Amino acid sequence: MSPPRPEVVVEGFPRRRPRWMEIASSAGHKDVGRTMVVAALGFLFIALVELLLMRLQLAVPENTMLTPVTFNRMLSLYGATAIFLFAIPLALGLFYYLAPLQIGARGTALPRLGQIGLWLYIAGATVLYAGFLFTPSEAGVNPLPPLSELAFLPNNGVDAWAAANGLVTLGFLLVAIDLVATLRTLRAPGMAWRRLPVFTWAAAICSWLLIAIGPVMLAAITMLLIDRNFDGVFFAGGSGGAPLLWEHLSWIFYSGAYMLILIAALGAVAEIVPTFSRRPLQGRSLVIGSLVAIAAIGTLAWMQNMLTAPIGIGWMYYAMFLSLALIVPFGLIFFNLISTMLGGALQMRAPLLFAIGAISAISIGLAAEIEHSMVAVAWRLHNTTDATAATHFALVGGSVFGGFAALHYWFPKMTGRTMGETMARMSFWTIALGTLLAFVPLFVAGGDHGEIVDAYKFFGGTGVSGLNLIASIGAFVLAAGILLTLANAILSRTNGARAGHDQWGGDSLEWLALSPPEPHNFDLLPDVRSDRPMRDIREAIAHSSSRRAEPVAPESQPVA
Amino acid sequence: MAPHSPGTDQIDTLLWIGFFAAAILIVAVNGALVYALRRYRASRGTEASAAPTPRRTQIRVGALLTAFAVAVFVVSLVYTDRAREIPASRASGLASASSEPLRIEATGQQWLWRYDYPNTAFSYYRLVVPVDTTVELDLVSTDVIHTWDVPALAGKRDAVPGKTNHVVFRADEEGVYEGRSATFSGQAYAAMGTEVEVISPREYEAFVQLQKAEIQAAQDRVVGLIESGEEP
Chain A
323 MSPPRPEVVV EGFPRRRPRW MEIASSAGHK DVGRTMVVAA LGFLFIALVE LLLMRLQLAV
383 PENTMLTPVT FNRMLSLYGA TAIFLFAIPL ALGLFYYLAP LQIGARGTAL PRLGQIGLWL
443 YIAGATVLYA GFLFTPSEAG VNPLPPLSEL AFLPNNGVDA WAAANGLVTL GFLLVAIDLV
503 ATLRTLRAPG MAWRRLPVFT WAAAICSWLL IAIGPVMLAA ITMLLIDRNF DGVFFAGGSG
563 GAPLLWEHLS WIFYSGAYML ILIAALGAVA EIVPTFSRRP LQGRSLVIGS LVAIAAIGTL
623 AWMQNMLTAP IGIGWMYYAM FLSLALIVPF GLIFFNLIST MLGGALQMRA PLLFAIGAIS
683 AISIGLAAEI EHSMVAVAWR LHNTTDATAA THFALVGGSV FGGFAALHYW FPKMTGRTMG
743 ETMARMSFWT IALGTLLAFV PLFVAGGDHG EIVDAYKFFG GTGVSGLNLI ASIGAFVLAA
803 GILLTLANAI LSRTNGARAG HDQWGGDSLE WLALSPPEPH NFDLLPDVRS DRPMRDIREA
863 IAHSSSRRAE PVAPESQPVA
Chain B
15 MAPHSPGTDQ IDTLLWIGFF AAAILIVAVN GALVYALRRY RASRGTEASA APTPRRTQIR
75 VGALLTAFAV AVFVVSLVYT DRAREIPASR ASGLASASSE PLRIEATGQQ WLWRYDYPNT
135 AFSYYRLVVP VDTTVELDLV STDVIHTWDV PALAGKRDAV PGKTNHVVFR ADEEGVYEGR
195 SATFSGQAYA AMGTEVEVIS PREYEAFVQL QKAEIQAAQD RVVGLIESGE EP
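Just so you know, the sequences run in chain order A and B. In terms of the working numbering, the first sequence is residues 323 to 882. In terms of the working numbering, the second sequence is residues 15 to 246.
Because the hints were derived from the structure by calculation, they are not lab data. Each hint should be verified, as a subset may be incorrect.
[What the hints assert, rightly or not] Stretches of chain B that chain A covers, calculated by requiring three or more beta carbons in the stretch to come under 8 Å of a beta carbon on chain A:
(1) 32-44
(2) 53-62
(3) 76-90
(4) 94-105
(5) 155-166
(6) 171-182
(7) 187-197
The structure displayed is predicted, hence computed values, not measured ones. Cβ atoms here follow ideal geometry from the backbone N, Cα and C, with glycine treated the same way.
Please build the complete structure, drawing on both the sequences and the hints.
Listed below in structure tokens is the structure:
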């Protein structure tokens with residue numbers, strides 16, 4: 323039962339403060355969500371700069387462009403920026419903006435929580451980059467103790483990393499709590515769970531996932547901070563602590579986050595593919611069930627990352643079983659997405675193009691992950707660039723292709739303007755080419771030559787010089803493609819073609835609201851009667867106008 | 015990176031099985047995408063079909079995927095189990111290690127590996143082992159996490175402080191095998207390599223004796239210097 327909602331909403335007090343101040347102090351879900359998306363895209367740019375610096379260093383053998391310390395700092399910042407400051411907040415920002423619209427709500431249930439979440443994220447990011455004022459972390463993408471303990475990295479870098487990601491994770495947690503509360507209490511009349519759009523299902527799944535994994539990371543970070551600052555021994559090997567404890571806790575979070583990014587991307591793709599195929603999503607409930615399964619199974623398979631650690635062989639088989647079990651839900655989602663396209667009438671617009679790119683790249687990355695789940699093969703391929711390539715295919719597929727598909731699809735809703743189609747196409751093909759060039763050589767370097775990850779240099783004569791050079795060129799192509807879309811978004815913000823409220827003919831309720839939506843989202847909402855409410859509304863309008871056409875027409879005749 | 019130990023044979027085979035399993039999925043998904051893009055464009059006048067994908071097809075695809083996942087799991091289990099098998103030393107191997115593996119302790123430390131042989135001899139960077147002899151490395155670390163990785167001889171394993179991990183191999187050919195450390199361990203991580211030199215059992219005996227004698231001589235010299243009062 324939803325509470326009675328007012329039919330008339332009064333608003334529109336004259337603005338007395340500058341617009342940026344209004345946005346910064348707003349707890350409206352659209353302002354908070356949009357700020358989060360913009361910040362995430364900004365951090366994508368920064369992550370690219372760090373990636374390119376590392377790829378420049380790795381372009382030629384035994385390069386001395388960067389010192390080992392600088393390289394390690396770039397590596398640590400890149401890992402934190404790409405995951406904590408770009409991929410997760412991009413997904414959360416889109417959820418926070420769109421999920422209330424998709425369920426026909428006028429806002430979120432606990433708006434101040436979402437607002438605090440956004441600002442904790444910004445505060446965390448500031449702390450991470452304030453590290454440049456003294457020293458950024460040198461402990462790697464996942465700062466494994468004892469390396470991240472005070473004895474081995476005595477400067478403040480790791481503390482900044484831990485404090486920053488702690489604040490950011492806490493922020494995500496608050497946003498997730500608000501989303502869960504909103505989805506439970508503020509759904510429009512008739513919006514049963516089974517009628518929820520797939521993207522909103524993804525929002526619900528990812529929020530619950532964050533509520534499960536966020537505190538695990540917060541606990542690990544707290545222990546690390548105690549170790550470093552208050553003589554703790556949680557992770558100190560040999561003095562009563564266990565370095566493996568950090569591995570377990572952090573991999574629970576990272577595995578969950580990996581799944582979160584993919585679930586968000588597939589949720590968006592599952593909205594975009596049907597819209598541009600002019601055909602409802604096939605196997606809708608199966609797709610939703612698969613997304614739930616991925617969140618649970620994928621997170622429980624965290625020990626897939628620890629197959630070379632001193633853990634029992636039984637645990638390794640358990641991790642392998644769960645990882646390989648993921649083939650079924652992911653396979654069913656891919657099948658149903660493609661099955662929607664087969665038999666559809668495809669309209670090749672930018673969102674569909676990026677959505678197809680997401681399906682393709684994620685499928686390659688996850689198929690390559692199969693090798694890393696087979697225990698004996700993991701003993702060969704663990705920590706080789708083959709692993710880098712697999713995760714980057716899956717995560718670039720999820721957060722760049724999937725994120726950009728969502729950006730192109732919902733940009734008209736968020737700004738009232740469409741993104742330039744020509745530039746979008748150029749960007750898509752550049753990113754596709756860049757992804758292949760940047761990461762396919764790494765598959766070969768890691769799989770064939772056992773080239774290791776995270777090293778600041780490689781040696782000539784080991785057969786990987788050419789591969790590394792191609793990968794470095796590919797990284798620049800990839801970056802150029804991403805910059806094209808970022809530039810397109812900035813230019814289209816003011817110069818794009820005007821968009822209507824129902825830009826693409828999508829089936830979910832956000833297309834009923836104006837573009838951009840009013841602060842209260844909707845004036846009036848009809849009862850939801852199916853899982854395609856916007857189509858019902860369009861049909862009702864068409865039906866009523868055709869019925870009214872006959873009596874109305876004579877009256878409109880000019881009186882002679 | 016040709017395999018030179020019974021375990022790595024199995025890893026190599028499984029690697030290729032995994033490669034083909036992955037390739038099948040990649041080709042299936044991307045092939046279907048390309049087909050859909052060529053065949054179902056609205057610009058070619060295609061009309062969207064109203065008929066949903068039959069429930070039976072969904073069940074069949076689910077069953078097919080489950081069968082595929084189970085097959086990959088079972089095959090991986092079999093090959094992993096074989097790769098874990100501890101091979102017996104050959105008759106041509108070291109005589110004293112014919113029933114029990116030759117145990118050597120490998121200690122990871124920033125950024126060098128130290129090897130301690132059974133007779134108190136030790137060496138840095140280069141591990142010397144006899145051919146055709148089963149060798150068991152006890153991996154430990156004195157500082158941060160390191161990973162011992164000599165791909166021709168064995169799968170990689172982590173050396174975690176406070177824990178002991180194990181690597182077993184039996185080198186089947188004399189020679190020098192290159193390896194690297196494969197867990198990020200700080201500034202000189204990129205250069206933290208190791209080498210395994212495989213020699214005949216007789217040469218191995220001589221090597222550890224010589225190593226022991228040299229270490230003993232060096233220690234005696236230091237003790238002598240201290241006793242004679244020349245060095246504190």
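Those earlier numbered hints the structure runs against, lowest number first: none
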